[in-house]
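Enquirer: Sequence:
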Amino acid sequence: MLEHYRAVFYFLPLSSLLLLTACSVHTPSCTAKSQLYNNKWRSHQQSVVQLTRYQTRGAFAYLSSQQKVYARFNLQQTSTDRYRLLLINPLGSTEIDLKVQLGSAQLINKQGKHYVSDNPEVIIQKLTGMIIPLSELRQWLIGLPGDTTDFTLNSCGHLRTLTYNSKNGQSWRLIYLSYHNDTLPHLPANIELYQGDKRIKLKIDNWIL
67 MLEHYRAVFY FLPLSSLLLL TACSVHTPSC TAKSQLYNNK WRSHQQSVVQ LTRYQTRGAF
127 AYLSSQQKVY ARFNLQQTST DRYRLLLINP LGSTEIDLKV QLGSAQLINK QGKHYVSDNP
187 EVIIQKLTGM IIPLSELRQW LIGLPGDTTD FTLNSCGHLR TLTYNSKNGQ SWRLIYLSYH
247 NDTLPHLPAN IELYQGDKRI KLKIDNWIL
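Take the sequence shown: its position 105, counted from the start at 1, is 171 in the working numbering, and no numbers get skipped.
Just so you know, the hints here were simulated from the structure itself, not pulled from any lab data. Computed from a predicted structure; not experimentally measured. Hints are supplied without guarantee of correctness; some may be wrong.
[To be verified] Distance condition first, Cα-Cα at most 30 Å in a straight line; then the derived DSBU-like pairs of lysine-lysine:
1. K134 x K233
2. K233 x K264
3. K134 x K192
4. K165 x K267
5. K179 x K192
6. K192 x K233
7. K134 x K264
8. K192 x K264
9. K134 x K176
10. K176 x K106
11. K134 x K179
12. K264 x K165
13. K106 x K192
14. K176 x K165
15. K106 x K179
16. K192 x K267
17. K267 x K176
18. K233 x K267
19. K267 x K134
20. K192 x K176
21. K134 x K165
22. K165 x K106
23. K179 x K165
24. K165 x K192
25. K267 x K106
[Claimed, not checked] Simulated restraints, written as ranges between beta carbons of each label pair:
26. K192 x G212: 21 to 27 Å
27. T227 x K179: 37 to 43 Å
28. R108 x S159: 41 to 47 Å
29. N247 x K176: 35 to 41 Å
Just so you know, even glycine gets a beta-carbon here, dropped at the ideal spot from N, CA and C.
Put together the whole structure using the sequences plus the hints.
Expert: And the structure:
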């Protein structure tokens, strides 16, 4: 049953991802530049932190030695502890409908079966085999480092890379490839996540704030 469930995910390869980087991406090489980038970062961070309601959609790829999953995603957050995540197959059918509110997660699969858990990451892994750090990902998705202080900035004062070591021993590394410059504040357009042999690619089409 699990193998069948995984097989329904398929989407076009993400070879056409555009790197629309308007800011140079490099590590500051001197104190003056570092101070400038940090000032830009503080201003940008203050704007992003205020985002509690938003909707975004795009292409999702999960690649590992065990499986390859391609899908469309739609994420809608209505408050800091309430959000809904949809994963959609190429035919337009919803494969996963995950609703999280007040610490409780409810998932409905394509067959209409309901699953309830207090940990959305566990329920996703159990049903699909994918390890996705959902609690941190919502912060990373909008360009915030979450609980880690191990990150670098680009010349616009936005996140360039970050490393996160979870309590369960997993180490995640993120690379921000580009940002949407048509949103205020500027929000990520392409992100890649790495953990062991696993890689997650997110191409974010647009943001509704």
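Enquirer: Hints broken by the structure, by number, lowest first?
Expert: As far as the earlier hints go, 10, 13, 15 and 22 are violated by this structure, in ascending order.
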